[in-house]
Amino acid sequence: MTLSSTSAPAADTAAEPFTDAEVAAIRADFPILARTVRDGRPLVYLDSGATSQKPRAVLDAERDFYERHNAAVHRGAHQLAEEATDAYEAARAAVAGFVGAPADEVVFTKNATESLNLVAHAFSSATAYRALGTAEADDRFVLRPGDEVVVTEMEHHANLVPWQELCRRTGATLRWLGVTDDGHLDLADLDRVLSPRTRVLATTHVSNVLGTITPVAELAAAAHRVGALFVLDACQSVPHLPVDLPGLGVDLAAFSGHKMLGPSGVGLLWGRAEVLDAMPPFLTGGSMIETVRMEGSTYAPAPQKFEAGVPMAAQAVGLHAAVDHLTALGADGTGMARVEAHERRLVGRLLDALGELPWVRVLGPAGTAERGAVVSFVVDDVHAHDVGQVLDDDGIAVRVGHHCAWPLHRRFGVAATTRVSFGPYNTVGEVDAVVAGLHRVREVFA
Amino acid sequence: MTLSSTSAPAADTAAEPFTDAEVAAIRADFPILARTVRDGRPLVYLDSGATSQKPRAVLDAERDFYERHNAAVHRGAHQLAEEATDAYEAARAAVAGFVGAPADEVVFTKNATESLNLVAHAFSSATAYRALGTAEADDRFVLRPGDEVVVTEMEHHANLVPWQELCRRTGATLRWLGVTDDGHLDLADLDRVLSPRTRVLATTHVSNVLGTITPVAELAAAAHRVGALFVLDACQSVPHLPVDLPGLGVDLAAFSGHKMLGPSGVGLLWGRAEVLDAMPPFLTGGSMIETVRMEGSTYAPAPQKFEAGVPMAAQAVGLHAAVDHLTALGADGTGMARVEAHERRLVGRLLDALGELPWVRVLGPAGTAERGAVVSFVVDDVHAHDVGQVLDDDGIAVRVGHHCAWPLHRRFGVAATTRVSFGPYNTVGEVDAVVAGLHRVREVFA
Amino acid sequence: MDLYAELILEHSKRPHGAGLRDPFDAEVHHVNPTCGDEVTLRLDLDGDTVRDVSYDALGCSISRASASVLHELVVGRSVADGLAVHTAMRAMLTSRGTDPGDEDVLGDGVALAGVSRYPARVKCALLSWMAFTDALGRASVPA
Amino acid sequence: MDLYAELILEHSKRPHGAGLRDPFDAEVHHVNPTCGDEVTLRLDLDGDTVRDVSYDALGCSISRASASVLHELVVGRSVADGLAVHTAMRAMLTSRGTDPGDEDVLGDGVALAGVSRYPARVKCALLSWMAFTDALGRASVPA
Ligand SMILES: Cc1ncc(COP(=O)(O)O)c(C=O)c1O
Ligand SMILES: Cc1ncc(COP(=O)(O)O)c(C=O)c1O
Ligand code: FES
Ligand code: FES
Chain A
11 MTLSSTSAPA ADTAAEPFTD AEVAAIRADF PILARTVRDG RPLVYLDSGA
61 TSQKPRAVLD AERDFYERHN AAVHRGAHQL AEEATDAYEA ARAAVAGFVG
111 APADEVVFTK NATESLNLVA HAFSSATAYR ALGTAEADDR FVLRPGDEVV
161 VTEMEHHANL VPWQELCRRT GATLRWLGVT DDGHLDLADL DRVLSPRTRV
211 LATTHVSNVL GTITPVAELA AAAHRVGALF VLDACQSVPH LPVDLPGLGV
261 DLAAFSGHKM LGPSGVGLLW GRAEVLDAMP PFLTGGSMIE TVRMEGSTYA
311 PAPQKFEAGV PMAAQAVGLH AAVDHLTALG ADGTGMARVE AHERRLVGRL
361 LDALGELPWV RVLGPAGTAE RGAVVSFVVD DVHAHDVGQV LDDDGIAVRV
411 GHHCAWPLHR RFGVAATTRV SFGPYNTVGE VDAVVAGLHR VREVFA
Chain B
11 MTLSSTSAPA ADTAAEPFTD AEVAAIRADF PILARTVRDG RPLVYLDSGA
61 TSQKPRAVLD AERDFYERHN AAVHRGAHQL AEEATDAYEA ARAAVAGFVG
111 APADEVVFTK NATESLNLVA HAFSSATAYR ALGTAEADDR FVLRPGDEVV
161 VTEMEHHANL VPWQELCRRT GATLRWLGVT DDGHLDLADL DRVLSPRTRV
211 LATTHVSNVL GTITPVAELA AAAHRVGALF VLDACQSVPH LPVDLPGLGV
261 DLAAFSGHKM LGPSGVGLLW GRAEVLDAMP PFLTGGSMIE TVRMEGSTYA
311 PAPQKFEAGV PMAAQAVGLH AAVDHLTALG ADGTGMARVE AHERRLVGRL
361 LDALGELPWV RVLGPAGTAE RGAVVSFVVD DVHAHDVGQV LDDDGIAVRV
411 GHHCAWPLHR RFGVAATTRV SFGPYNTVGE VDAVVAGLHR VREVFA
Chain C
63 MDLYAELILE HSKRPHGAGL RDPFDAEVHH VNPTCGDEVT LRLDLDGDTV
113 RDVSYDALGC SISRASASVL HELVVGRSVA DGLAVHTAMR AMLTSRGTDP
163 GDEDVLGDGV ALAGVSRYPA RVKCALLSWM AFTDALGRAS VPA
Chain D
63 MDLYAELILE HSKRPHGAGL RDPFDAEVHH VNPTCGDEVT LRLDLDGDTV
113 RDVSYDALGC SISRASASVL HELVVGRSVA DGLAVHTAMR AMLTSRGTDP
163 GDEDVLGDGV ALAGVSRYPA RVKCALLSWM AFTDALGRAS VPA
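Chains as they are written, first to last, in this note's numbering: chain A, 11 to 456; chain B, 11 to 456; chain C, 63 to 205; chain D, 63 to 205.
For reference, chain A alone in the conformation it holds in the complex:
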């Protein structure tokens, strides 16, 4: 099942959560889960929203690449260079396939943050080219005086600050959709905020704090109605739900390898071929060129146009293993549907347990159907960092703070929250451990 409608995703009837035995088998593939922390306590890792852990298959793939095929990709004619290039391009095809896209619509970046900056810079570069007449620029990326850039109050800083900076570089105006008390985007704002001045609407697919799944198709349609491009931050959806990016109707989407069992240092930008073609390059240098003269250069077609310099080949190869691993978590390629079902079950159990604690306030939608794999909350009279510290003392790793979504926290009148986020390797017992830990928090700070 892919998320391509505005309604909350119906539970995929075919996909079951993992059984205890299956989770145990999954966990056995992650070496770090066997370690202990803080004086011998087993690690309970509930911070996959920040970064996921890596299965042995990913580490093996990366190592095998270095030990047998390492060379600069797209830059050599010798055998190692051929093998490295093949491995890198096979990784591109695999990651593209994982999100339903053709290989040449996927660009490797270092992380989702770079992907989003790349897109924001396309607007300022095109605007400058046009103003100065220094290069061709596609109208869709050229900002005129009075033009507006729209984000939401729910965004991670990675999908907010680049747009603020775009406005600083161009004089465009930043506007934003609000968030309702129950943690949804305030769609009533759509008519108020979007206008023919809007050139781009950038929103998240799943909030990294509230867990909210946003109505992507509806947002994309609204953006397209006013002639704006639609950019999706898919960081918290692609690792946790089956996602068909082209099917969502969006123009561009960013996500990170390290959140989906892949290595650090590799991110992704997906864009419709025609949109990528219309965008100016961002990082420039080797491997992205067509011809170079001192007087000026021309560029290769996308995706190469956006991949300057020797790329993170080993990390791309590791990510290839990661998407294969995720896909294989369910029979017949249903891995992601099962991951979704499993994580939704954990979210449900946690929401139920927290609902019993009058001194805990959960942020975001009440139901699991409208939620991804994160749950954030505040404990009455106890600062999130103190909550996290006590949990950490029990070996439980959660994230505390503003989770790079400071405006959203301000919107809810809190400085910081405690966030529990799941991966395929988390267990029901780990949910219960958090709840027990919260009782301990109350004892310490009563």
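Watch out, some of these pointers could steer you wrong.
Unchecked claim - In silico contact screen, one side only, chain B against chain A (beta carbon under 8 angstroms); selected entries: (1) R78; (2) A81; (3) A82; (4) K120; (5) A145; (6) H166; (7) G275; (8) L293; (9) T337; (10) A407.
Treat the hints as calculated values from the structure; they're not laboratory data.
Keep in mind the model is a prediction, meaning the values are calculated, not measured.
Heads up, the beta-carbon is just placed ideally off N, CA and C, and yes, glycines get one too.
Chain A is fixed; fit chains B, C and D with the ligands onto it per the hints.
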């Protein structure tokens, strides 16, 4: 010995090339060197200028990080996050120490190409801030009409195209220093090209084609005399020579981890603290902020200001192991001096042998003292790709083409050259293998 | 869990000298970017003596306790003493568990020694101290 | 080394139809960005027949041989035949060693089959063919 004067570096009397036994021991640390290519031929890897191979210690360090300490750095309070952050910052300190710099003057990027783009964008962002009044901008980075950006005809595309694009974004004019027939920068051009309009001079430390070591101190002084910043492309120096970046008198320098035994996906920007402070951020998002409001954001001090998003922590940790490995290649931290001596010996042997072949023309300086670890040449009447292919058939991996320095090739009237480049693990026997291979090239194409 | 020594919890629940008071010679506002917590701190000098430190600390138990300890340690003492205490506090907090702190200098502050083993929390304990030193600097600059 | 079959070396050393000739209906210039090599190719049509393909190929032995083979295979034949040969050539070259090529269609061109096992060289062999197809497209568009 550090390269901080304009004269060719005197041979370090203390540093000896590696003995055969030492090279054998060094090679044993690199798993890939044991593999065979093309029907069982031992791999002769002479493409370290493109990317180096990785010793086991680097692969182990990366794997250990993932298996024991992996977490999002600078974003968590739990034990793994603490350990990951410590490992990441220790890597910064180690890499900084390797080039003689304080830790907080070193920024992690994905590759040198990103580092150089970051610097070029500092100029266009500051210029836009000033024009629009949207943020503070330091005068040194604000371009005015008529301002000039100066590079050289010897640059890798990574130190050329970003500056061309800067000019496209701002209307500044690109100018360049020429190259003499014997492969040196034409210093007579300095007076002709540099002027009070020059705002930045960007040159390479060692040419990735000619091998030429440029007179950095002299160039930096010339830039500073006209009030311009000086940016150094240190990609081909830091992996091959002892380099003290602050001592060179430059303002900013870029290099890549993957060329110095480190993992792919990690690059470096060094800048004098005061210069980094004056620069606007480039990639923006999480972890680089001070405060974020929908209305606008403020940023953390450097280096954090330049490191948006979850960073390539495992790769930084791998690079830490790489610089430790390089340093330990000589007693008492003289590793890099011995690497330099060793590679210079190999370059000398190759130059001598090629000098005997009337049908081979070497590009670049005649003497080894003015050269880094690369040698490029053309074989009469045989295209470089055909040369490379025949060598590859013998298991010898060299690079052929324009090596991302197309204007330089045009300057010498050739479309492509064959490049042999060395790492600490190369042997005298491998030099002889190339020479034998070239005779075979002649046979095939006679 | 030695981080939350009884004394720390005590200070964080009933902080000494909390609240903003008049008059003051300098007011500063500091933010801890990693968590978003903030402290507003006012300094009232009487010549070379710290007459009052008043503050509004929106933060975790460690940062609130540290502000309370700060108030206890510096009010009524000389500026030089205040700076010396800050130096000792910083040394203890950044020692990674190797400097237990001198009770003669740091008083109840030694209960914060456990913080030094949790690098992510060191900024919490230093937040009000940084603000204090900043305020001292500003107050001594003639306006 | 099967890449450099005798026939290939032969064609690369004494390329058929090399040089630029007048008259022509379309002239194109293609670059192989990985190596910087260039080909300028002119196409002279006589109705539906390829009267001449003339070219200036600055490149490696593979690209020069391929241009020579191109000349041999398409001159004097129909445009449709020319395109069919290109299709067969491309299929062989991108087959990674699985398609040896049909000698009836590709003539001497089958000697290029070895190229398909060296992915970095496939562009060399295709360079003049891409230029040829491009020129066909341009020549058939009324100016
Ligand atoms: C001189 C020089 N500059 C810049 C670069 C670019 O480095 P990277 O591709 O790692 O960004 C290279 C190597 O490719 C180089 O040799
Ligand atoms: C919703 C969301 N957007 C963007 C990001 C940024 O991703 P990265 O730090 O990998 O660039 C994250 C995670 O940090 C996220 O959760
Ligand atoms: S967590 Fe913010 S000051 Fe302690
Ligand atoms: S190497 Fe350039 S066309 Fe063959």
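The hints, checked one at a time:
1. Annotation: R78 (chain B) was flagged as interfacial toward chain A, and the flag holds, the nearest CB pair being 6 angstroms apart, inside 8 angstroms.
2. With a cut of 8 angstroms, the hint placing A81 (chain B) at the interface with chain A holds, because the nearest CB-to-CB distance is about 6 angstroms.
3. Evaluation of the A82 (chain B) hint against chain A yields a held restraint, the C-beta minimum of about 4 angstroms falling below 8 angstroms.
4. With its C-beta approaching chain A no nearer than about 4 angstroms, K120 (chain B) sits inside the 8 angstroms limit, and its interface hint holds.
5. Hint on A145 (chain B) holds. Least Cβ distance to chain A is approximately 5 angstroms, under the 8 angstroms limit.
6. Using the Cβ-Cβ criterion of 8 angstroms, the hint placing H166 (chain B) at the interface with chain A is satisfied: the shortest such distance is roughly 7 angstroms.
7. Satisfaction of the interface hint for G275 (chain B) is found here, the shortest Cβ-Cβ separation to chain A being roughly 3 angstroms, below the 8 angstroms cut-off.
8. Hint status for L293 (chain B): holds, given a least beta-carbon distance of 5 angstroms to chain A, under 8 angstroms.
9. Annotation: interface hint on T337 (chain B) violated; nearest CB of chain A at approximately 21 angstroms, more than 8 angstroms.
10. A distance limit of 8 angstroms between C-beta atoms decides the matter here; for A407 (chain B) the minimum to chain A is near 4 angstroms, and the interface restraint holds.
Of the numbered hints stated above, the single one contradicted by the structure is hint 9.
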